[in-house]
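Bring the two chains, given one by one in their own frames, into a single complex with the hints.
If you read the sequences in order, they're chains A and B.
Going by numbering that gives the first Met the number 0, the first sequence opens with residue 0, and the numbers climb by one from there.
Going by numbering that gives the first Met the number 0, the second sequence opens with residue 0, and the numbers climb by one from there.
Derived from the structure by calculation, the hints contain no laboratory data.
Chain B side only, calculated, beta carbon under 10 Å to chain A, not exhaustive:
#, residue
1, Lys40
2, Val41
3, Phe42
4, Arg45
5, His145
6, Glu188
7, His218
8, Ile341
9, Asn509
10, Thr510
11, Ala511
12, Ile513
Don't be surprised by glycine CBs; every beta carbon is placed ideally from N, CA and C.
The lines below spell out each chain.
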Amino acid sequence: MLFPGNLAMDETRLRWQCRRGMLELDLMLESFVEKRYFDLPVKTKKAFHQLLNCQDQILLDYLMGQDVPTDKDVADVAKQIRDAAGPGN
Amino acid sequence: MSIKNLERRKFDTLVIGAGGGGLRSALQLAEADAHVAVVSKVFPTRSHTVAAQGGMNAALANVLPDNWHWHMYDTIKGSDYLGDQDAIEYMCRSAAHLVYELEHQGVPFSRMDSGKIYQRPFGGQSQNFGGEQAARTCAAADRTGHAILHTLYQQNIRAKTHFFDEYFAIDLIKDKDGFILGALVLEIETGEPLLIEAKTTLLATGGAGQLFRTNTNAHINTGDGLAMALRAGLPLQDMEFFQFHPTGLAGKGMLITEGARGEGGYLVNKDGERFMERYAPHAKDLASRDVVSRAIATEVREGRGCGVNADHVMLKLDHLGRDVLYKRLPGICDLSKTFMHIDPAEEPIPVFPTAHYTMGGIPTNRFGQVVVPVDQGEESIPGLYAVGECACVSVHGANRLGGNSLLDIVVFGRAAGNDIKKYLKTNRHHRLIDEKSVEQALAHLKRWDEPVGDGSESVNELRAELQKTMEDYCSVFRTEEILQQGLDKVLSLEQRMKNVRIQDQSKVFNTARIEAMELENLVDLAVATVKSALERKESRGAHSRIDYPDRDDVSWLKHSLYYKEGHRMDYKPVTLKPLSVDSFPPKPRVY
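So here's chain B without its partners, still in its complex pose (with noise of 0.2 Å):
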């Protein structure tokens, strides 16, 4: 393919991920008569969003007293004091407004009998600034994720916004002065480019557990637009902050719930040993997450795991009785049987950490326009915003806390397509297209197109070897010396790429050029993500250190960046005060 045959197609707005970030904003835009287009590897409605159960944080006070003060309160603990004020005040005051509109607009929030929106507490959650329980999670049953996504899918048709379902983004075009105009995509059912070019672009292209090999993410979620912003010379921002799980099914990686120790479950290893005792003699096996995962991972290091590989250990349920277990923990019983064919009320299911959620991103202002800092503070890159879990507002800071994701996406999805309606009043016509730009995304996709590499390597196992390596060097388990050596090994996996030759050269549906760049993405975020832990020297929130247990506001109450060229960092302030009311100043994270 050429550039001159190249085909192109003009919009106001590109929306990279149809998610409901992705959604929320292209929504927010179509309804104002912006041509907007939205562009996702899958159809939309299997993006990831559909797996979030849990449901959408605001303080409604439909079940406890509650108000956004308390959320907001909440959501800065939570994130070990990394978040930033003003934007976690932006979201937790929007959160009662977007939960009545999504209402509105179709989604069947579970009710009291009084006719309210239920709320279900979660953790976290607290009334009067740290006090009792708050029940500030609105959920429609157990499929939130689904009845949102579906529902925003459905008015975005409504609004006439325009899919380019299974298409592929490659790179974002922008020209010499910093403007971002659009991107490459590739049409996977031809294998044809296309160049949409757009006044404004928004990434909402998701997260990236598959950096793990155990994770609960779907196999899409490979971080697409955070390594396309990597290569167009942005930084990623926190990107050493990923959220574990303790227990997620070995081998596989889904969730199985914390209720399942609060029911009276118990961890064991391969001797049968109680382990959570030594680790946490008076919490035992409801410690908190990341003791618990780090357990885990040193009984498996120093070879007491279960199996034949030693790599996993077992939680312990049959003792509860098969009526309670079956009564109470369903889902479990139902998820061991399928996926392990394992009966939990009469053998022990095998369980590892599983990595959950990419809190780091594509640095934002709440606004959702993709910043760099400048001089002594920074400046949005024109034309560019993302939002969702590829970017990084920070309203998670360190740590996320239940039922803040769906928010996240709503408000911030909400509050992009705001600006980029303003954005699109000043810049009213297309920027000529930066052709050299152009050029660079098409040799990119061209590398896959030939028998470029000696073909000593394969996708399938470079992608194992990467997951592996970042579940062994970068997860729960994090020292000086470990992280070292996983940067090291995934710098060599990154010089290791360029022998990789794939057989298929054939046009329709080629897969295995997408799973190709996928990986390419996902080694650059590897390299960005143990850089970012090995140079964070203190243990905060999701990153916690072995050899820096304690958290130091002192040195490291900052956001890492960390740029792809030179595998450089930098830092930038968080922001501690508010919009409108008085900062939280960090103190000990307790619960």
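Okay, chain A solo, but in the shape it has when bound (with noise of 0.2 Å):
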């Protein structure tokens, strides 16, 4: 997949990987990466790439809370995601 765990992988392949097809999804993980993600402990950054191997529309509803990962970290890092989007984001 596209993120086989290697945390070496640079800053714009990351923000390029945030790309999505949905706008919600856009905005949220951008912003997560922009003002978050490089203060991250390695064990939620991994689980933040993780989660960016979900097919959009399940990363959806993690990031809306309409379904939780079943991967704790993932959980984690998804709830952080949400709690980080709002309207100063």
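If you want it as structure tokens, here you go:
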């Protein structure tokens, strides 16, 4: 898949993976990378990469809180993204 | 990169764009053993088709009586008579077959207890040519686009279509006889160009919602294929027709469905006034989309907007009560809470008209062939096709009906695939590539590799200014004076593009370069849109002129054609003659 767990991927590659087919996802993911991603611990970064590998519609369900990922770390980062989305972002 | 070292690949067909239209064409060809390449700037299943939730129209008559002829009438009326009736008949007649075909390919359409495909009623659908409401929209729950896109992608993998994921298309390659011979593309990961030579090239790059500051589109919707067509000397058709929805989340763009006002929500300005009572005393907040959109824009323009920048109005829902809101409008509650941190049960939601769909595009006929006017008729550009939102076939005319865009992409995706198969039978060999055209495309790319321009402008700032200009001067509030000011501003932005220099000159995943080229595309399309809107001196469908409030069939029942060279306009007649039935002559569009 696109992210085999390699944390050395560069920043621009990561940002491109946040370009999705839905505006909601673009806004949430791009803002999260901009403001939060680089301060995250390695474990959470890995969970974020896992999340990016999801299909758009499933990702939307996770980020809008309509479904919860089975992996706890992925579920935590999905909640962080949702909490970080907002009027200032 | 010199032309000598340029990597080259050869295919029968190059498809640019991996949404539903591109993938449906690719599948038709790959199943016929054609050698097909699909180029996509993002991973294919991240194309914008995935966002289409509503469904796909087809007169199956599973819920209520229906037939394709009624669907045809509704589509023509919805288009405000600017749609081409031959293409509309073809689309509506093909619809049922294509729904069944998608179902057999794996799309899980929602069903009734009887086992038949469920169909929901949508706006603009009628029985018996304008009679009772019809139920014509087939859906896979609320994720029809997602289901269609994934099904078509998987079918293409099975059929061995070759995917170039994360490649950005730069320019079409054409020879002196006017044949399109493929395209120069850029591998985003390595930053290296690749020449894809193809006997046929199909543009399926989607719409250009990113022209406007407030829009519903994914960020990838920068109209790349439309701008490539312009640069190849081809016209764009009916670009003045852009569909807006009155209530987008202010500053974000996502749709707040009309259902919110249907349930009793209403709009207020900064003084708390329920202003729709002034604009539409009877229908009030449930007036038609264009009336509500223009009323909101007027309130903001006249200084009665809300917020620090006075740039939106408020949608009030709290009086409906928490229980009703969360039961009937859960999606809106989620959206508002997530993106605005506003609970609609307690506070109103900030809203502003949001750009949604590009009705105009690359002119094609119902076979997907790109066509240009010649003398009294038109002829096709050999080797070039276009389908979906980037094309203008024209089935949507001046206004698209809900449920017709997914239908458009599968019907004309398939039709283009079939016509390309015929073309390939009679054009069996690759034509000699025109190296001069390749050099031009490489020079276009090279402009962003070298420190050209004085660096006084940045991509981000210019894009923001372009989107704000389009919102202020070419959205739902259009007059001669406003559009002329808008044209002056976008032409000035076109000049200022020359001063843009990107700081990052690296090769690997240089997205700054991609974003600069996307902006270049948007600027060309902004000029096309404003110029076409300025010239059309009537109101029709989504194009609403305050100074020309009526539809004028005597002077303006015709398609606009905009050419980049000299910002020139031309016009061509609307096809009023269907394929097999009587024409529907223009009459007042009343619902």
